[in-house]
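Taken in sequence, the protein lines are chains W and Z. The first sequence begins at 32 in this note's numbering and counts up by one. The second sequence begins at 211 in this note's numbering and counts up by one.
In case anyone wonders, no lab produced these hints; they're calculated from the structure. Yeah, the Cβ is synthetic: ideal placement off N, Cα and C, and Gly gets one too. Wrong hints could be hidden among the right ones.
Here are the simulated DSSO-like cross-link-like pairs (lysine-lysine), alpha carbons at most 27 Å apart as the crow flies [to be verified]:
1) W:Lys448 with Z:Lys476
2) W:Lys341 with W:Lys353
3) W:Lys195 with W:Lys341
4) Z:Lys290 with W:Lys441
5) Z:Lys476 with W:Lys449
6) W:Lys101 with W:Lys349
7) Z:Lys290 with W:Lys449
8) W:Lys262 with Z:Lys476
9) Z:Lys476 with W:Lys428
10) W:Lys142 with Z:Lys290
11) Z:Lys290 with W:Lys448
12) W:Lys442 with Z:Lys476
13) Z:Lys476 with W:Lys441
Beta-carbon label-pair distances, calculated as ranges [said to hold, decoys possible]:
14) Z:Ala351 with W:Glu433: 33 to 43 Å
15) W:Thr125 with Z:Cys513: 29 to 39 Å
16) Z:Ala378 with W:Val200: 28 to 38 Å
17) Z:Leu303 with W:Lys218: 35 to 45 Å
18) Z:Ile260 with W:Lys307: 48 to 58 Å
19) Z:Lys521 with W:Lys94: 57 to 67 Å
20) W:Asp365 with Z:Leu510: 51 to 61 Å
21) Z:Leu303 with W:Asp440: 16 to 26 Å
22) W:Asp344 with Z:Trp268: 25 to 35 Å
23) Z:Ile260 with W:Lys127: 37 to 47 Å
24) Z:Gly322 with W:Lys94: 51 to 61 Å
25) W:Asp344 with Z:Leu303: 48 to 58 Å
26) Z:Ala378 with W:Lys190: 25 to 35 Å
Given next are the chains, with one letter for each unit.
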Amino acid sequence: MSAMSNSNWSRRSIFRAAAGMAAAGTLAACGGNNGRGGGSSSGKNLVQYFHAYGEAGTEQALKRYAAAYKSANVSTNWITGNNFESALFAALLTKKAPDVFEFHPQLQLVKSGQVADLSDIIDPVKDDFNPNDIKSHTVDGKIYGIRMIDDPQFFYYRKSMLEKAKVDVPTTLDELLEAAAKLTTSKVKGVFLGNDFSAIQNPIIWSAGADTINDKNEIAYHTDGVIGGLKQLRTLFTSGNVLLDAPTDFWDPSSLNQGLCAIQWGGMWSMPAMQKALGDDLGIFPFPKIGSAGKPSVYNGGWSIFVNAKGNDVDAAKEYVKWLWIDQKKYQEDWATSYGFHIPPRTSIASGATKLKTGLAAEGVKLFTDYGHFDNIAYDQTMQTAFADVIASSVRKSGNPEAALDTCDKKVNVELKKLFG
Amino acid sequence: MSTTTTRGVARPAPAKGSPARSRRGLRGNPTVNFWLFTGPFLIGLAIFVIVPIGWSIWLSFFDARYTVTPSHFIGFDNYKQILTNSGFPDSLLTFTVFAAFIVPTTWALSLGLALLVNELRFMRAFFRSVFFLPTAVSYVAAALIWKMSIFSGVRFGLANTVIGWFGADTIAWMSNPTPPWYWLVIVTLRLWIQSGFYMILFLAALQNIPAELYEAAAIDGAKRGWQTFRHITLPQLRATSTAVILLLLIAAYQAFDEFFNIVGQKATWAQTPLMELYKTALGTSQDYGAGSAGAVILSLLICLVTLVQGKFMGFGRGEDSK
Numbered sequence: 032m033s034a035m036s037n038s039n040w041s042r043r044s045i046f047r048a049a050a051g052m053a054a055a056g057t058l059a060a061c062g063g064n065n066g067r068g069g070g071s072s073s074g075k076n077l078v079q080y081f082h083a084y085g086e087a088g089t090e091q092a093l094k095r096y097a098a099a100y101k102s103a104n105v106s107t108n109w110i111t112g113n114n115f116e117s118a119l120f121a122a123l124l125t126k127k128a129p130d131v132f133e134f135h136p137q138l139q140l141v142k143s144g145q146v147a148d149l150s151d152i153i154d155p156v157k158d159d160f161n162p163n164d165i166k167s168h169t170v171d172g173k174i175y176g177i178r179m180i181d182d183p184q185f186f187y188y189r190k191s192m193l194e195k196a197k198v199d200v201p202t203t204l205d206e207l208l209e210a211a212a213k214l215t216t217s218k219v220k221g222v223f224l225g226n227d228f229s230a231i232q233n234p235i236i237w238s239a240g241a242d243t244i245n246d247k248n249e250i251a252y253h254t255d256g257v258i259g260g261l262k263q264l265r266t267l268f269t270s271g272n273v274l275l276d277a278p279t280d281f282w283d284p285s286s287l288n289q290g291l292c293a294i295q296w297g298g299m300w301s302m303p304a305m306q307k308a309l310g311d312d313l314g315i316f317p318f319p320k321i322g323s324a325g326k327p328s329v330y331n332g333g334w335s336i337f338v339n340a341k342g343n344d345v346d347a348a349k350e351y352v353k354w355l356w357i358d359q360k361k362y363q364e365d366w367a368t369s370y371g372f373h374i375p376p377r378t379s380i381a382s383g384a385t386k387l388k389t390g391l392a393a394e395g396v397k398l399f400t401d402y403g404h405f406d407n408i409a410y411d412q413t414m415q416t417a418f419a420d421v422i423a424s425s426v427r428k429s430g431n432p433e434a435a436l437d438t439c440d441k442k443v444n445v446e447l448k449k450l451f452g
Numbered sequence: 211m212s213t214t215t216t217r218g219v220a221r222p223a224p225a226k227g228s229p230a231r232s233r234r235g236l237r238g239n240p241t242v243n244f245w246l247f248t249g250p251f252l253i254g255l256a257i258f259v260i261v262p263i264g265w266s267i268w269l270s271f272f273d274a275r276y277t278v279t280p281s282h283f284i285g286f287d288n289y290k291q292i293l294t295n296s297g298f299p300d301s302l303l304t305f306t307v308f309a310a311f312i313v314p315t316t317w318a319l320s321l322g323l324a325l326l327v328n329e330l331r332f333m334r335a336f337f338r339s340v341f342f343l344p345t346a347v348s349y350v351a352a353a354l355i356w357k358m359s360i361f362s363g364v365r366f367g368l369a370n371t372v373i374g375w376f377g378a379d380t381i382a383w384m385s386n387p388t389p390p391w392y393w394l395v396i397v398t399l400r401l402w403i404q405s406g407f408y409m410i411l412f413l414a415a416l417q418n419i420p421a422e423l424y425e426a427a428a429i430d431g432a433k434r435g436w437q438t439f440r441h442i443t444l445p446q447l448r449a450t451s452t453a454v455i456l457l458l459l460i461a462a463y464q465a466f467d468e469f470f471n472i473v474g475q476k477a478t479w480a481q482t483p484l485m486e487l488y489k490t491a492l493g494t495s496q497d498y499g500a501g502s503a504g505a506v507i508l509s510l511l512i513c514l515v516t517l518v519q520g521k522f523m524g525f526g527r528g529e530d531s532k
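The following block holds chain W by itself, in its conformation from the complex (with noise of 0.2 Å):
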């Protein structure tokens, strides 16, 4: 305030500071990072949004793979933090939005007329996908999005220290909770399953022979057999033997890899950072299954490609797109395999990948086919929000599992009413 009291100030030196701010505020406007790049010669610009994979190489990788294309200038947000879809979803509704982004298929983004209908660049490559990954991203006929990478999860275990203890892989959720009170020892924990539970909440769904939703759009997981796995899982948590509070989540392999836990639930994508770190000592199994009707089960999860359809230049965007996720197939290999492991979505790139032929990486493969279930469209964030609060409050809390699917029943009707009415 001391200056604006200076009664020396005049009226014209106030105007002109007050038009020097004006123009500092214009110029401001016209510089900063408006990630859009820089000036390119065909003149398009586009954005994208990834997310930030945990494995060194990627961010650099896929900004080389951009920087190959030549219609376009492709300038690459890396999202790091756990907020991915926060930070997104905020951008998409600016001016600024990104052209092209990942992310999962939902139904929501597509009724709300989010994302571009990519059918007609899939269409010619259609058969080369695996039809399940088709499947999770076509509406009423029509195929919204492109599969880049299949991420199966599963268990991750050390063959010495279960060799140690004496125990069997784990074929059963009874058989995993023995074995997990058998491998703990003062220092390492029998199993991880992620530091709020969240990560297993589908695949103890389908272990119990249950599903998140049926083909009819109407609650499937609402069975006996999924309220004995919660009240299994509820046992597990308070046993003691689950390691809790770790220093980092099921996705990075750091638990297993630092011989804090035996048994740890992860992805695929963590393998060649285990098998660097442990060797031989490492193996994998499924979700084992849950009661007399139960079978194991392992989530397909993974990556899509998707064109914002709000987008300034929506031509130019699924151009990109298809030069990337479709034409550029030593690209799409690359992506899959030179980082952490992920199975390519077209049988014509899984079956000349060398490196998930072999060894581990083959059962991983196995375990997909075999034992694998895919996102359904349909199973929106919100629904699976809803399931999240079910672990809250039945495993981590001691509610009642009952109670805690009825509520999960109400939110998810809710949901589906506004879906499908």
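Since chain W is already given, all that's left is putting chain Z on it; use the hints.
Frame of chain W, contents of chain Z only:
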């Protein structure tokens, strides 16, 4: 101390620009000068505060998912949903309990620190700075230190190492809500960050109490210590206490950062009202309508609490110029 609250303290300053219009150097039309000085601030206020509030209210009556320019009017459905089919009412309850605990605790701790520092004969500036420094730490950074280093669930986390010396088993401080150890993590963090700032406020107020009052009391036979504290210090701090309690209350309702990082969103307990709104509007479901409805309800509640508190404790009346 969240940044929003700090802004609240600092914000009135530009308004004082208005006396400038009567200055000798500014001979022009006072109205023009008034708008010249307040204009930029008013424009900012309109763009960043008033328009968003209006927009929120408008959104709360629409089916606004994945969009902030909805077209489908649904009346009070969003209010119904957020009040009956979400964690929002629970979060309000949780936070009333949290506020009822954290507000008096922080108040007492800050006042205690201020009294101690005020009594110091030397190194007062040093201790004042030491206690104030944590205010400069961001909640997120502190939450990560608390979470990954001090209260990590592995056997070599600081807290687990310490209890390990006494033969206790490791504790999952944050994942396992029974018993609710996560409150220990959150409360210690908040006290560490906040107390220093409010200590400074109390310290300033303490130094403003005229020494004559204590002299007069001593002549009247009051003993130093509890008697003078109870009958002179505390009443003299009334205005500051009111302000501090109000700020603490607002800060408690605005709690987000440390809960978001320590408890996380995949829990059904210890979800603050803002976390619930964040999950609803900006999380994966992108329901701006229901989120806005919750925000409107929360704003009304905060207004109500402030008014009630002002009525009972006299905030904003003449005395607080002290």
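Results of checking the hints against the structure:
1. Between Lys448 of chain W and Lys476 of chain Z the CA atoms are separated by roughly 24 Å; this keeps the pair inside 27 Å, and the hint holds.
2. Between Lys341 of chain W and Lys353 of chain W the CA atoms are separated by roughly 18 Å; this keeps the pair inside 27 Å, and the hint holds.
3. Note on Lys195 of chain W and Lys341 of chain W: the hinted pairing is violated, with a Cα-Cα distance of about 58 Å set against a maximum of 27 Å.
4. At most 27 Å may separate the alpha-carbon atoms for a hinted pair to count; Lys290 of chain Z and Lys441 of chain W meet this at roughly 14 Å.
5. At most 27 Å may separate the alpha-carbon atoms for a hinted pair to count; Lys476 of chain Z and Lys449 of chain W meet this at roughly 23 Å.
6. The hinted pair formed by Lys101 of chain W and Lys349 of chain W meets the criterion: a straight-line CA distance of about 14 Å does not exceed 27 Å.
7. With a C-alpha separation of about 15 Å, the suggested pair Lys290 of chain Z and Lys449 of chain W falls inside the 27 Å cut-off, and the hint holds.
8. For the given pair, Lys262 of chain W sits about 19 Å from Lys476 of chain Z by alpha-carbon distance, which is consistent with the 27 Å threshold.
9. The suggested pairing of Lys476 of chain Z with Lys428 of chain W holds, with an alpha-carbon distance near 12 Å, which does not exceed 27 Å.
10. Of the supplied pair hints, the one linking Lys142 of chain W and Lys290 of chain Z holds, its CA atoms being roughly 24 Å apart against a limit of 27 Å.
11. Between Lys290 of chain Z and Lys448 of chain W the CA atoms are separated by roughly 16 Å; this keeps the pair inside 27 Å, and the hint holds.
12. This hinted pair checks out: Lys442 of chain W and Lys476 of chain Z have alpha carbons roughly 16 Å apart, not beyond 27 Å.
13. For a cut-off of 27 Å, the pair hint linking Lys476 of chain Z to Lys441 of chain W stands: about 18 Å separates their Cα positions.
14. The hinted window of 33 to 43 Å between Ala351 of chain Z and Glu433 of chain W holds, with their beta carbons roughly 42 Å apart.
15. For the pair Thr125 of chain W and Cys513 of chain Z, the supplied restraint of 29 to 39 Å holds, since their beta-carbon distance comes to about 30 Å.
16. A C-beta distance of roughly 33 Å is found between Ala378 of chain Z and Val200 of chain W, which places it inside the suggested range of 28 to 38 Å.
17. In this structure, Leu303 of chain Z and Lys218 of chain W meet the distance hint of 35 to 45 Å, their C-beta atoms being roughly 41 Å apart.
18. Between Ile260 of chain Z and Lys307 of chain W the Cβ separation comes to about 56 Å, which falls inside the hinted range of 48 to 58 Å.
19. About 60 Å separates the C-beta atoms of Lys521 of chain Z and Lys94 of chain W, a value consistent with the hinted range of 57 to 67 Å.
20. As the Cβ distance of Asp365 of chain W to Leu510 of chain Z is approximately 55 Å, the hint placing it in 51 to 61 Å holds.
21. As the Cβ distance of Leu303 of chain Z to Asp440 of chain W is approximately 23 Å, the hint placing it in 16 to 26 Å holds.
22. At about 31 Å, the CB distance of Asp344 of chain W to Trp268 of chain Z agrees with the hint of 25 to 35 Å.
23. One distance hint, 37 to 47 Å for the beta-carbon pair Ile260 of chain Z and Lys127 of chain W, is violated here, with the actual separation near 24 Å.
24. Distance hint check: the CB atoms of Gly322 of chain Z and Lys94 of chain W are about 55 Å apart, consistent with the given range 51 to 61 Å.
25. Our hint of 48 to 58 Å for Asp344 of chain W and Leu303 of chain Z holds, since their Cβ atoms are close to 49 Å apart.
26. Taking 25 to 35 Å as the suggested C-beta distance range, the pair Ala378 of chain Z and Lys190 of chain W conforms, at roughly 32 Å.
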